[in-house]
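Trainee: Now for the letters of each chain:
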Amino acid sequence: MKVAIDQGRCQGHGRCYELAPEVFTDDDSGYGTVIAPDVPPAYADQAQDAVNVCPERAISTAE
Amino acid sequence: MAAQTTVEAGPPDAEREARLEQFMRERANDPRAYYAQLRARCPVDFDEHRDGPAALSRADVESVLRDTDLWSNETTPIMGSAEPVIPLGVDPPQHSIYRRVLDPLFSPKRMKALEPAVTDHVNQMIDAFIDTGQCDFSADVAVPLPCLTFLTLLGLPEEELDDMVRWKDIMIRPEIVAGSREAGQQLQMQTVGEIYQRFSQELAARREQPRDDLITFLLTTDVDDGRKLSESEILRILFLLLAAGLDTVTISLECIFNYLIEHPEARQLLVDEPESMDGLIEELLRWESPVMGAAARRATRDTELSGCPIPAGTLVLPALAAANLDPDVPGSQQVDLRRKDKSHLAFGGGPHRCLGSHLARMELRVVIREWHRRIPEYRLKPGVAVEWTPSSLRGIDHLPLVWDVPAGDAR
Ligand code: HEM
Ligand code: SF4
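Protein chains in written order, with my numbering: chain A, 1 to 63; chain B, 1001 to 1411.
One chain only, chain B, in its complex shape:
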C-alpha cells in the first residue's frame, strides 16, 4: 500500500526529490535506526513525506486507523486509478457494505480451501531449481507465487503470469520500470487502462458463462441494499486486489528469507521446531514491517497528534513500521521469535485492516514450510550484497541463494 509516493503532489523540486530519495534509501536499509532517529526529533514526523506528516507512535497510528470520522481515506487517487479503489479509498458506512461482501471471500476457512493449490505451486517452483543448488529467491519464488495465487483465485489461466508480473511492477514502481518519474506516470496511467480493460473482458465472459469463482460471485451477489455491484465497482475491487495482494506478499517473503539467511539460529529453529513458524512469521512481520505505511488519511477537521497541531485537510501517513517499533511498547526493540504479544500492525488496523491478511499468512506459511522441508540448509550466494529497494514497500529485488546438492539424492 502507501504507493502515494508515485503521485506528484506539487511542482517537481530537484532538491526535495533528492532528499526524499535519500530518506527512502535510509529507511529501507534500516527502518529501526531510521525511525528511532525521527522519533528522537518529534513524535510526528513533519519532514519525511511529500504529502504531509507521518504519525509515528503506536497510539497515534492506532487512532488514525480507527477514527474514520476524523481520518478519511477519501483522498487523492491511489496508484493511478482515477476513481477511488474499493474498499481502500472509501469511508464507512459505505466501506462496511463492501467489506461485508468481501470478507467472507478471504476468510481463514476459504483460504484453507485454497492452500492445496498454493502448495502445489510452491513445490513446482522448487522442483524447477532444487537440483541446480541455486535460485534467485525473489525472481523464482517470491514474485511468481502471489501472482499465480491471484490467477487461481480469479480463475484466470496460468499463461497470464507474465502479464500479471509486468502489471503489478508498473503499478507499484512505475518510475523504475519506465526509467523516470514522468515516463513512469505515463506508463502507469496507460497500464491502469489496460488492466481495467482486461478485467472488463473477464466480466463479460462470466456474464455469458458463470463459473464457481470470485468474479462470478461479485457479479451475482446482492449487496446490503438489495442491489448488485456495478461494473465499475467490481473493476475497482479487482484492481485493488491486484495492487494490494501481489507485491505485499513478495516483499514479505523477501524480508523473512533475508532475515533467515542472516540469522542461522532462526532458520535452525524453523527446521527443529516447525511449530515455531507462525510465531516467527508474526514477529518478523512486526520487525521488518514490509509494508511500512498505510495509505495517507485526510484530517476532516482541525486536530492534533501527540500535541502537534494538524489543520483540517492535512494528509497524514500512518507509519506502521514506526508504530510496530514504538519504544513505549515493552520489548519492541528486540526480535523475540517466541513473543506472546502478536498485536502488531503490519496488516494495518481498524476498518481497513488488510482484507487479504488470512490469504497472505497462508501463502507465507506454505512457502516457508515447503521450502524448509525440502531445502533446510541454504545461504546467500557468496560475493553477493543484498540491496533493499528504496520504496515504502520494502523488498529485495534479487536474493540469490545456494545450497548443497548431494549426488544422487532425490528430494
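Just chain A, same shape as in the assembly:
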C-alpha cells in the first residue's frame, strides 16, 4: 500500500502521526510527514485509519 499527505492541505492537526506513528511522523512545526511512502502490510490498517482522522482530508492511500 502507498500513502501520501497532500502538503497543500495539511494544517498540522497532528492526528495522523499520533494514531499511526509507524507510518507518519511530525516535522519541527508539528505538520505530518510520511515515514516511507510504501507501507508494510503490517501497518496498512494504521494507514487506512489515519485517512479517517485527518480533519483536512489530506491523506490518501493507494494499492
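Calculated directly from the structure, the hints in this document are not laboratory data. One or more hints might be untrue.
[To be verified] Once the Cα atoms are required to be at most 30 Å apart in a straight line, the calculated DSSO-like pairs of lysine-lysine come out as: (1) A:LYS2 with B:LYS1109; (2) A:LYS2 with B:LYS1228; (3) B:LYS1109 with B:LYS1340; (4) B:LYS1340 with B:LYS1112; (5) B:LYS1228 with B:LYS1112; (6) B:LYS1228 with B:LYS1109.
Given chain A, work out where chain B with the ligands should sit, using these hints.
Mentor: Showing chain B with the ligands alone in chain A's frame:
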C-alpha cells in the same frame, strides 16, 4: 474564539438583544437540540448571529475555513483590540509567515517538554483539596490550570495568576464582569490597554536580559523576509495567546467533567482502561464543541452557501458545533467513545487551525489522567444544578464535586 458577540454591530435594540440572549441560553444548554432545530429550517442560519449568517453544515463550514481567498479573517476588531490580532486576524500569505514562526513553538514535541510542569501544577491543585472531599472543579482546577501554564510558557511569575484570571475574564465576557454591556465594553478597552502595557514591560525586560523563553524567541527570531517582528506584532501575538489559550481550555475541561459526572460508564471506562482517554477527549470535544464557533469570516465577493446567496461583505460565522453534529456525517448523532473517525472541527480547520491544539490536548490529558488516578470516584455535590454560561464559549462557572475520603488514607 468567536467573541464577536461582545462587539456591538448596530444600534442597541432591546428586543433583538433579549432574543439573542434567549438563543445563547438555549444553545449553551443543549447545542444538539438547538442546531437540529436551526438545521430543520435552513442549512444556513440567517437568524442567530447579529453580525450575519452562520454556516451550519460540515461541508459549508469546511469551505469557509479553507477558502481564505473567498472568506477573509480581516474583519472587525476582535476582543477589543484595535489592530488585527496575530495570526487570527490576518489572511494568507501574511498569515503563513506568522504561522511559520509560531507553529514550532507549539508543536507536539515542545508540548511534551512542558508536560512535567503542567503535571506538577495539577497535582499541587489536587493536593490542596483532596483530603477535604470536595472542590469546585471550575474555580479550583479548570480556571487556574491554563493560566498557570500560560505563565510558565511566558516565563512570568506565578504570583501573577490573579491578574491573569481577571484579564481573561474581562476579555471573554466583559458584560458579566462589569454588570452591563456598555460598562463591559468600557472595561474591556481599558483592560486591553493594561495588558498591552504589561506585555510591553516584559519585552523591555527581555531586551535587557534575554532568557530561554517564548518572549525572547519572538524578539530575536528572523521572520521569512529576514526582518525581526516589531513590538506591535509581538504584543498582538501575546494578546491573542492570552485571549485564545485560557478560557478555551477551562471550558473544555468543564464540558468533559460534566459529561463524566452525568455518565458514570464513561468515567468507569477511563478508570478501567486509561488508554481510552485520548479517544474520549476527541469524542467529547466533538460532541460538546466547547468553542462553538470560529471567528466570523467576510465574503470577499458574491457567493453562496448550500444554495443560499451571500452578498460580498457579509460576515459569516462558521458554526463548528453544528458542523461536528452534521446529520450527513454517519453516526454523528450519538456519542461513541471509541469512534475511529476523529476528524472533528473542534479546533477549527484550514490555515487558522488552532495554534494551541497540541498544548490544549496535553493540558486536557494531564488533568484527566492525574485526577482519575487520584480521585477515581466522584459526583456532583447533591442539591446542585449545573448552569451553563450562555456564551459562544460553552462553560460551567461552578462545578462543585464531592468524593469520599477514607479515614487515614494517604493518596
Ligand atoms: C481545548 C481548547 C481549545 C479549543 C477548543 C480551541 C479552539 C480553537 C479554534 C476553533 C480556533 C480557530 C478559530 C478560527 O478559525 O476562527 C482556534 C484558533 C487559535 N487558537 Fe485555539 N483552542 C483551544 C486552545 C488553545 C490554546 C491552549 C491556545 C494557546 C496557544 C490557543 C491558541 C489559538 C490561536 C493563537 C489561534 C489562532 C490561529 C490562527 O489564526 O492561525 N488555542 N482555537
Ligand atoms: S492529520 Fe492531516 S492535517 Fe494533521 S498532520 Fe496529519 S495530514 Fe496534516
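Trainee: For the pair supplied as a hint, LYS1109 of chain B and LYS1340 of chain B, is the alpha-carbon distance within the 30 Å limit?
Mentor: Distance ~24 Å between LYS1109 of chain B and LYS1340 of chain B Cα, so the pair holds.
Trainee: Holds or violated: LYS1228 of chain B and LYS1109 of chain B, Cα atoms, limit 30 Å.
Mentor: Within the cut-off at roughly 25 Å; holds.
Trainee: Taken at face value, is the distance from the CA of LYS1109 of chain B to the CA of LYS2 of chain A at most 30 Å?
Mentor: 27 Å, holds
Trainee: Take the C-alpha atoms of LYS1340 of chain B and LYS1112 of chain B, compute the straight-line distance between them, and say whether it is at most 30 Å.
Mentor: Between LYS1340 of chain B and LYS1112 of chain B the Cα gap is close to 24 Å, so the pair holds against 30 Å.
Trainee: Please verify whether LYS2 of chain A and LYS1228 of chain B have alpha carbons no more than 30 Å apart.
Mentor: 41 Å, violated
Trainee: Sort out whether LYS1112 of chain B lies within 30 Å of LYS1228 of chain B, counting only the CA atoms.
Mentor: Roughly 28 Å separates the two Cα atoms, so the pair holds.
Checked against the numbered hints listed earlier, the structure breaks hint 2 alone; every other hint is satisfied.
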